[in-house]
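Just so we're aligned: the sequence shown equals residues 83 to 457 in our numbering.
Treat each hint with caution, since some may be false.
The list that follows gives simulated cross-link-like pairs (lysine-lysine, BS3-like), each with its CA atoms no further than 27 Å apart [as the list claims (entries may be wrong)]:
hint, residue 1, residue 2
1, Lys-394, Lys-340
2, Lys-394, Lys-264
3, Lys-394, Lys-341
4, Lys-236, Lys-117
Label pairs and their computed distance ranges (CB to CB) [stated by the list, open to error]:
hint, residue 1, residue 2, range
5, Leu-170, Asp-262, 45 to 51 Å
6, Arg-308, Phe-276, 24 to 30 Å
7, Arg-399, Ala-237, 42 to 48 Å
8, Ala-277, Thr-430, 35 to 41 Å
9, Ile-261, Leu-422, 40 to 46 Å
In short, the hints are calculated from the structure, not lab data.
Cβ coordinates follow ideal geometry from the N, Cα and C atoms, glycine included.
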Amino acid sequence: MSPVAFLHLVTFFFFLAYGLTIPSLPLYLESLGLKPAWIGWAVSLMPLAGLLLRPFGGWATDAWSRRLPALLGLVASAAAGFFYLGPLAAVLIGRFLQGVGIALFAPSTLALTSDLADEEVVGRVMGTRNLLIGLGVMLGTALGGTLLDLGGPKAVFLLVFLVQLPWLIPMAKTPETLIDPKPRRWWEGFVEVFALAPLRASTWANAGFAAVFSILQAFYPLFLIRNGYPASWVGGFLGYYSLVSVLARLPAGMLADKKDPARVALFGFVVATLGFFLLWAFPLPLVAFAGGTLMGLGAGFYLPANIVVVTKAVPFRLRGSAFSLFTASWDAGGLLGPPLAGMVIGLTGVSAIFPLAALGALLTTVGYVLLLPRR
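Can you build the whole structure from these sequences, using the hints too?
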């Protein structure tokens with residue numbers, strides 16, 4: 083198996099383990115006696131850890147090793163499954179460890195993969211990676227819900243540990259691509275990459291669309307239920323546009339190899355924005371699925387193409403810092419979007435999510451165009 087194929091395989095199981103916790107962790111926390119408000123804080127420990135640790139992950143990937151941060155991230159994520167098996171205090175530690183794992187694993191494996199991939203097929207490689215991440219999360223979520231019904235949360239968390247455990251030793255033997263590491267102060271790499279216009283544009287867009295999609299995921303279910311639709315419609319809609327996104331990622335990556343990846347990403351942003359406006363106009367099923375189609379198609383195009391933009395714009399020695407900043411922007415958007423939207427919804431009603439998401443997507447797309455360097 084080639085090193086790139088191995089990294090794809092490990093990435094799939096890493097995100098499958100993450101998907102396993104999505105349906106089970108909130109219910110398990112409730113069974114331990116936590117009130118809904120505290121459950122929200124407990125769940126947010128993962129993105130909080132991600133934001134706090136990503137600067138270290140990026141620095142370590144550029145100044146220390148490409149491979150070791152990925153290995154430590156995999157260890158932390160596997161250990162999270164073990165801690166989830168314990169009492170409440172251990173569960174909270176496990177949630178934080180899962181965030182540590184993503185903070186270390188994501189930027190270092192992105193840098194490793196971009197180092198090992200041939201430049202002429204980097205889009206195809208990143209499209210495949212994005213495809214496997216999406217499949218891993220989707221399969222993990224479905225498997226986690228089923229296993230929760232059959233064996234309870236302990237069975238789910240044991241599987242979180244077990245699906246990652248076999249990859250620790252092979253991960254330690256992955257080729258090291260940072261042959262001549264040059265230690266530097268932790269902030270220097272971030273200053274250098276932030277000076278690159280394509281990196282600023284891609285990071286802005288990543289944060290903006292993370293915010294608008296998180297607004298939709300947080301409040302669209304409430305809108306549907308208040309309009310008399312059962313939970314199955316909620317799951318059906320969210321699952322549908324996620325599936326469209328996953329299926330579009332590999333063709334989008336291949337297109338980014340042949341065309342300007344920034345233009346491929348822009349196409350994705352425009353299509354996703356049109357989807358949000360269509361959902362604003364027709365928010366109820368079945369017509370809402372037309373908006374979901376465009377949203378999923380747009381996300382499927384911009385996710386891999388945006389990574390190719392970063393890969394081609396950033397020097398080899400700064401890829402860890404660049405991907406750390408880039409992936410942290412997704413956490414930042416996901417953390418900021420729902421609370422800000424919640425304040426507006428509290429004043430105006432839940433229907434406000436549609437103009438908020440649509441206008442937020444439009445603002446993000448326009449900002450992306452303005453931030454790109456003039457040709």
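Here's how the hints hold up against the structure:
1. Lys-394 <-> Lys-340: Holds, because 13 Å separates the two Cα atoms, which is no more than 27 Å.
2. Lys-394 <-> Lys-264: Distance of about 21 Å is within 27 Å: holds.
3. Lys-394 <-> Lys-341: 13 Å, holds
4. Lys-236 <-> Lys-117: Holds, at roughly 20 Å.
5. Leu-170 <-> Asp-262: 45 to 51 Å: 46 Å, holds
6. Arg-308 <-> Phe-276: 24 to 30 Å: 42 Å, violated
7. Arg-399 <-> Ala-237: 42 to 48 Å: Holds, since Arg-399 and Ala-237 (Cβ atoms, about 44 Å apart) stay within the stated range.
8. Ala-277 <-> Thr-430: 35 to 41 Å: 40 Å, holds
9. Ile-261 <-> Leu-422: 40 to 46 Å: 44 Å, holds
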